[in-house]
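Undergrad: Sequence:
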Amino acid sequence: MSKIGFILLTIFTNACLVYADNGHPQKDSFSEKTSHDTIFNADIQPVYIYSPRTFKESEKNELLRYQRLVYNVKKAYPFAKIAAQKLREVNENLRYIKTKKEKEAYIARTEDEMKKQFENDLKKLTITQGKILIKLFYRETGSTTYEVVKELRGSFEAFFWQALARLFGSSLKTKYDPLGEDADIEMIVQLIESGQL
Numbered sequence: 001m002s003k004i005g006f007i008l009l010t011i012f013t014n015a016c017l018v019y020a021d022n023g024h025p026q027k028d029s030f031s032e033k034t035s036h037d038t039i040f041n042a043d044i045q046p047v048y049i050y051s052p053r054t055f056k057e058s059e060k061n062e063l064l065r066y067q068r069l070v071y072n073v074k075k076a077y078p079f080a081k082i083a084a085q086k087l088r089e090v091n092e093n094l095r096y097i098k099t100k101k102e103k104e105a106y107i108a109r110t111e112d113e114m115k116k117q118f119e120n121d122l123k124k125l126t127i128t129q130g131k132i133l134i135k136l137f138y139r140e141t142g143s144t145t146y147e148v149v150k151e152l153r154g155s156f157e158a159f160f161w162q163a164l165a166r167l168f169g170s171s172l173k174t175k176y177d178p179l180g181e182d183a184d185i186e187m188i189v190q191l192i193e194s195g196q197l
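Just so we're aligned, residue 1 is where the sequence shown starts under the working numbering, counting upward by one.
Source of the hints: derived by calculation from the structure; they are not laboratory data.
Small disclaimer: the values here were computed from a predicted structure and weren't measured.
A virtual CB, placed ideally from N, CA and C, is assigned to each residue, including glycine.
Any given hint might turn out to be false.
Heads up, simulated BS3-like pairs for lysine-lysine below, C-alpha to C-alpha not over 25 Å straight-line [unchecked claim]: (1) K60 - K75; (2) K150 - K86; (3) K100 - K150.
Across the chosen pairs, the derived CB separations fall in these ranges [what the hints assert, rightly or not]: (4) P52 - R166: 35 to 43 Å; (5) I97 - L63: 49 to 57 Å; (6) D43 - Q117: 29 to 37 Å; (7) E193 - D112: 25 to 33 Å; (8) D43 - G169: 51 to 59 Å; (9) Q67 - K103: 41 to 49 Å; (10) R109 - A42: 37 to 45 Å; (11) K123 - D184: 23 to 31 Å; (12) D112 - A42: 18 to 26 Å.
When you get a sec, could you build the whole thing from the sequences and use the hints?
TA: Written out as structure tokens, the structure reads:
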């Protein structure tokens, strides 16, 4: 298929998806009427295209490293998405709670719920997957896990968990660098988000 044909097919498919609900556009789109024509407008999600990763016969170690990274990111990324969503929900709810005591009770209740739901799965993560999760949490929220713990649970708890993370060679203050050190992770995440991986 030619590049033009592919582009037209993509635009057509997106237009069909937007109008799939009985011919009515979704909230994200609208039509403008001009004197002679109707112009359709829609937000289309970006598509990331990467050339396939290839490795020479002499680069078996590099291939294995990349395959392990893909596996580890696939394990950690869903938890980062869930944690970011839960953090947004908690911050939204905290806006409506008046007293400090009620806020602390709400945070403790939410923490207990999260532990019950995810503790067993999180315990199964390897140290490497945990490090990736810390980075992906920053990617999803714009805050380090240290900053979030400090904000929600206080300086002492943040210090305690940071010290514990250090014992395992990690840091809750780790940030995410999608253009440098974490470029491979970013590429893998984008491929996962677009359904290509």
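Undergrad: Run every hint past the structure and note whether it holds.
TA: Right, here's what the structure says about each hint:
Restraint check for K60 and K75: the C-alpha separation of about 23 Å stays at or below 25 Å, so the hint holds. Of the supplied pair hints, the one linking K150 and K86 holds, its CA atoms being roughly 16 Å apart against a limit of 25 Å. Between the alpha carbons of K100 and K150 the distance comes to roughly 15 Å, so the proposed pair stays at or under 25 Å and holds. About 38 Å separates the C-beta atoms of P52 and R166, a value consistent with the hinted range of 35 to 43 Å.
At roughly 51 Å, the beta-carbon separation of I97 and L63 lies within the given 49 to 57 Å, and the hint holds. Checking the proposed 29 to 37 Å range against D43 and Q117 shows it holds: the Cβ atoms sit about 33 Å from each other. Taking 25 to 33 Å as the suggested C-beta distance range, the pair E193 and D112 conforms, at roughly 31 Å. In this structure the supplied range 51 to 59 Å is violated for D43 paired with G169, their Cβ-Cβ distance being about 42 Å.
As the Cβ distance of Q67 to K103 is approximately 44 Å, the hint placing it in 41 to 49 Å holds. At roughly 41 Å, the beta-carbon separation of R109 and A42 lies within the given 37 to 45 Å, and the hint holds. Look at K123 against D184: about 26 Å separates their beta carbons, and that is inside 23 to 31 Å. About 43 Å separates the C-beta atoms of D112 and A42, a value inconsistent with the hinted range of 18 to 26 Å.
Hint violations for this structure: numbers 8 and 12, all remaining hints satisfied.
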